[in-house]
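*Asks:* The primary structure of each chain is shown beneath.
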Amino acid sequence: MRLILKIAWRNLLRHKGKSLVIGGILFLGALLMTVGNGVISGMDRGIEQNVVNGFVGDILVISDKQKSDNVLIDMMGSLIEPIANYPQIKPVLAGLPNVESFLPVGKNMGMALSDDPNAQPGYIFLLGVDFGVYRRMFPDNMSAQEGRLLEPGEPGILVPKHAREQFYNFTNRWIVPEGCSLVEDNLSKDAKENRADLLTMDSVVMMGMNVENSSTDVRFPVKGIIKYRALDTILGHFCITDIESYRECMGYFSASAQKIPVAKDNQNILAMQDSNLDALFASDNLMVDNNRPMVPTPGAAAAASAPLTGQDIESGVYNLVFVKLKNHGLQAQTLQDLNRALAEAKTGARAISWKKAFGVIGSMTTLIKGALTLFVGFLFVVAIIIIINTLTMAAMERVPEIGMMRAVGAQKRFIRAMFFGETGMLAAVFGGAGLLLGALTVNVITLMHITTTNDFVQLLYGGDTFRPLLRWGDLLVIVVEIGLVTLIAALYPVRVASQIKPLDAIARD
Amino acid sequence: MTKPNIIEIRGLTKDYPLGKTTVHALRGIDLNIEAGTITSIIGPSGSGKTTLLNIIGCIDTASSGAVQVAGKEITGLSDRKITDLRLHTIGFIFQTFNLIPVLDVLENVEFPLLLMKKQSAAEIRKRAERLVEAVGLKEHSRHRPAELSGGQRQRVAIARALVTNPSIVLADEPTANLDSETGAQILELMREMNRQEGTTFIFSTHDSNILKYAKSITRLKDGRIDGGQKAQKVPARKRSKA
Chain A
0 MRLILKIAWR NLLRHKGKSL VIGGILFLGA LLMTVGNGVI SGMDRGIEQN VVNGFVGDIL
60 VISDKQKSDN VLIDMMGSLI EPIANYPQIK PVLAGLPNVE SFLPVGKNMG MALSDDPNAQ
120 PGYIFLLGVD FGVYRRMFPD NMSAQEGRLL EPGEPGILVP KHAREQFYNF TNRWIVPEGC
180 SLVEDNLSKD AKENRADLLT MDSVVMMGMN VENSSTDVRF PVKGIIKYRA LDTILGHFCI
240 TDIESYRECM GYFSASAQKI PVAKDNQNIL AMQDSNLDAL FASDNLMVDN NRPMVPTPGA
300 AAAASAPLTG QDIESGVYNL VFVKLKNHGL QAQTLQDLNR ALAEAKTGAR AISWKKAFGV
360 IGSMTTLIKG ALTLFVGFLF VVAIIIIINT LTMAAMERVP EIGMMRAVGA QKRFIRAMFF
420 GETGMLAAVF GGAGLLLGAL TVNVITLMHI TTTNDFVQLL YGGDTFRPLL RWGDLLVIVV
480 EIGLVTLIAA LYPVRVASQI KPLDAIARD
Chain B
0 MTKPNIIEIR GLTKDYPLGK TTVHALRGID LNIEAGTITS IIGPSGSGKT TLLNIIGCID
60 TASSGAVQVA GKEITGLSDR KITDLRLHTI GFIFQTFNLI PVLDVLENVE FPLLLMKKQS
120 AAEIRKRAER LVEAVGLKEH SRHRPAELSG GQRQRVAIAR ALVTNPSIVL ADEPTANLDS
180 ETGAQILELM REMNRQEGTT FIFSTHDSNI LKYAKSITRL KDGRIDGGQK AQKVPARKRS
240 KA
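Line order of the protein sequences matches chains A and B. Per numbering that gives the first Met the number 0, the first sequence runs over residues 0 to 508. Per numbering that gives the first Met the number 0, the second sequence runs over residues 0 to 241.
These are computed hints drawn from the structure, not numbers from a lab. Misleading hints may appear alongside valid ones.
As the list claims (entries may be wrong) - To be clear about the criterion: a stretch of chain B counts as covered by chain A if any three or more of its residues have a C-beta under 8 Å from a C-beta of chain A, and this derived list gives those stretches:
#1 52–64
#2 111–118
#3 190–203
Just so it is clear, CB atoms sit at the ideal spot from N, CA and C, and this is done for glycine as well.
So here's chain B without its partners, still in its complex pose (with noise of 0.2 Å):
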């Protein structure tokens, strides 16, 4: 039985000016992606991975195009319900992407559901605790970002995404500063959230690792989906071999 699609994009063009030309990162893209899945976008350095992944996580805007995000259309949406579908909708794990510095782990993982209001103290606390301790920092949990490691860092980015139980979940290099153990485990996290909640993972990526846990890929070239723009299904034995 096929999902309904929770990323939906249609014509999509993104261009910058640079001086006196403009650059086209993304040439008329059409892509589905289905509710529930991992989903990789690969493609060199400049084909337009990055661009792509930031429309989609509604940090970026389109300069034409159609994209609808779990079933909302986002171009043309005010800030304010663009940032509430952000907080309520998404998750984002970006390579370098900074935590608050004056808060420590706890804190930074609780604080999206501080923003949304919806639990008591001691819910979210409990919450956080256990994503925490999902992402193997249950001992730095009253650690500030400043004293913790690269790959720690990554970790407490990875449970601040996936704390509010996003409906999807969008990561640049996930896992570009982990040891491949730390990696692992939070691909499985990932791979685990995702079959019991359903949450859509979207990754862009070089890691061949996680090319392994995804369900499509979508490779970029120069702005275009290549091989006939359309999601690229990844054999289902491979990755059962995974």
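Next up, chain A with everything else stripped away, as it sits in the complex (with noise of 0.2 Å):
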């Protein structure tokens, strides 16, 4: 073995050139691989960290009817499912070891209308929330750039910049909120343009609409104008709304409106399913009595002027539970679990991946990971063909050399390994170098604490800060990846030297 790596390391010396060119590729492909792997790794991290930590969890639960996963950036508009029993999965999620924590949210689109009849109706997305259980979960997530965030209980909405921008497109008005003035340096281009004209709102009315197309329109009043901490680009379309002004708004049961009693024979009209309505017409006792006087349900107005309580709020319909876990690496085994026990308490609900409820935004890393390995594949296929070339040159110019070695008593073996060890030694070393150089860029990168407000470049950097990230597994993949390329550019230029007759180098000379 020392002879061989003793002559390989000789020949490659002796071949600088050549060395050169297969070890100048084998350089930069795994540079390529490993900065490319790091900007990659740390923007899968930062969305996960930014979305984990700041908007949503580890996992949703989501209705058993709702048909696609993707509850959260569904541009069709389609309507989330409705979750009426809350309180029927909240004991299953306590009851679970690794759930840090959790928040039912009510989640759909809203349109935005507008007192102008020049305007062109939109939809927003609303995320209803009980904002002082939300801002428990998510602290820090983000800031008032105007006005201020909603106080635990209050109605209103908090529209971020992005939402702004759309509704402006939507209505013709550009949002102030209550209580604040205008703000030049905040307007759109859009409005900017039209500043003489611009009119401005301090609330907005939505028309929500629920899986039964029925609809109501809401008043907002404006609270703030507000900015995600991170990932503003794609979290800047979300609304923040309370959850009963939510509830209103799509038509759901509200906390407020449960509290009210409900006539026995009323709880059975709403009790009833569809294919049970024909029964209305049907019998007697459950039609209207035109005949009696249209009083208040006794109590009615008492109950639904009292203050709600949390359980009272929690009552009401939701369409989406957010769960942080404790440990995130434990979310398959947790969803596995989550799903199991949501099953057997009969709840009518399944748990999904933060991932699959993004659907593109969550696969955005593994989709430009595949990217970027078909990108560095087809270098790897490129670099495969010329060192295959190079080396083959190099072992049809060594025929004296390596034929009078076999005619000496080398085997074909000791050929092959010589062979593999030069190719070998190129790949530790430029290989190596193209790691280490690839490791050193990406640590460089992240103690420089590079931090943007681009919302585009945050999409980027998964986060405001760039953080490139370089696990113990990509440098093995990439290692293998390198050996693997070593490999199979070696086979057949070692093939062609392993033939090498000492007939063939006497008939050279």
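Put the two chains together into one complex, using the hints given.
*Replies:* This is the structure in structure tokens:
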């Protein structure tokens, strides 16, 4: 082995040009793979951390009836199935040891309406939450750029910068939060161009839609213009409202409505499913008695005016439950456990990962990683061809030397080992150098603590700070890839070299 | 007392295709070479000397016939066994055969011993140094082939051929690139090995000086042994005069 390595090493030094060509390719490949993987891993981690810790948690619970898992960013505007039995789901979540916290939310689209007859109404994402609980679960995920954040239990809406621009496009009105004055610097390009005729509004009217397509128009007072700390490009499309206003807008049972006692006959009607609706017209005792005076149900007014407790709020309808885990690494196992528990408790709900809930955004890093892998794969194919060509030429040039070795007694395996030794050394030295430089670059970039407020760059960074990350697994993959490229590239030249006969050397002379 | 034959050749032919025709390089050779002898194979260019030497050295194959080297029938042997036979039994000295360019003189001479893996590194080094000294290259032992003259390279090749103490040494024009004094020294070295170790030397040569060392001469012409296809004995007195 020592002899083989000695000959291999000296041959590399002897054929410096060829060694540099092959080594250069391996170096570039390793460098590109290392930095690329570092950037993508960092992006992956950034998106994960910012989404998990700042927006939805690790897992989302959705209704069993929900067809698409893409419940957060579905551009087709599909409605999200309601969850009407959160009190039944809550103990299931509380019973799982890896669950740190959870938050039921309403999430759907609402149509932004305007009093301008020329306006083109459009849809806006609404996230209805109990804001006090929301802030406990995501304490630092947003800041008010204008106005202020919601107080716990306070009705109103928080509009992100991007959503404000959408509102402006849909309503021809520029939102200025209640009690605030217009901030010229924050105007969008379109609003600036239209500054002379710009009309403002401090509340928005939203028409909600639910699965039955019934609708209610609700006016939301705008309390603040917000910016999500990270990934504002993606998350900035979600307006945050109080859960009760959201429910009212969507035509859901709100907690306050549920506090109003309902007469037994009316409860029967409310409990009817579609298939039984015909019974309404077949049974006399359910028909409305027109002679009976229309009086409020006793105690209804008093019940409705009483302050809502957390328990009251939770009895209403939601669409999703955000679940944050203690150990993010156990997401798959927890998902499995949670789904089993939800099924056993007959909750009619199921759990999905945040990546599934985010659709293409959740898979973005996987897609970019795939694209990089394809690119590097292409580079490696080119590298393999060049290396094969260069090594085969080298083998042909060394026919006298190799033939002589064979003549004096070197077996084919010795020749093979010598060639593999040469390519292996090139891979180790140049590939290793590329990997080390890549790792150094990644670490230096991380130490530089590059931050950005640019939305698009934030998307690439996976947050507001560019933190490339190299995992041991990534490094191992790069080492294996370089080794594989070297092996594949060396196979043919090694075969050519091992087929050289002593007689070929004499014939060459 | 007759010594056993180290080489036994029967009905050896070698044909090369050359375009649409076939070149008959050897046309039925029968030859026995006794162990421990110095044999010269002579003949004009194209007579088949090198081809015969290559087949005996197991670096070329016969078209037909039987060839026994050191008691082993080599036709039909696997590449691995043939290579082993070359390593352990045969030493080569070729006129322009290359050395390993990245190894120095001493390392080149050590090379076959390192392949054999029979001795320690120190023993290998000691034996290689002795051979390098014997061929007069002690001062150049750390030089690489590119730093040596043609004659010096040939001496390295000779040292490398002899270092494993092979039963047979095949030499194609071994002194062609050497000055007469060095050539004589090398030939003396070979004769010494022949006497002490009983090494069989088979030369292909035009050099009349080498013929003086030969115990027998085989003359080839047009792929056949000239003169009844028998080894031609060199008179003993002629050898002693040389």
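*Asks:* Find the hints from earlier in the document that the structure breaks and name them by number, from lowest to highest.
*Replies:* As far as the earlier hints go, only 3 is violated by this structure.
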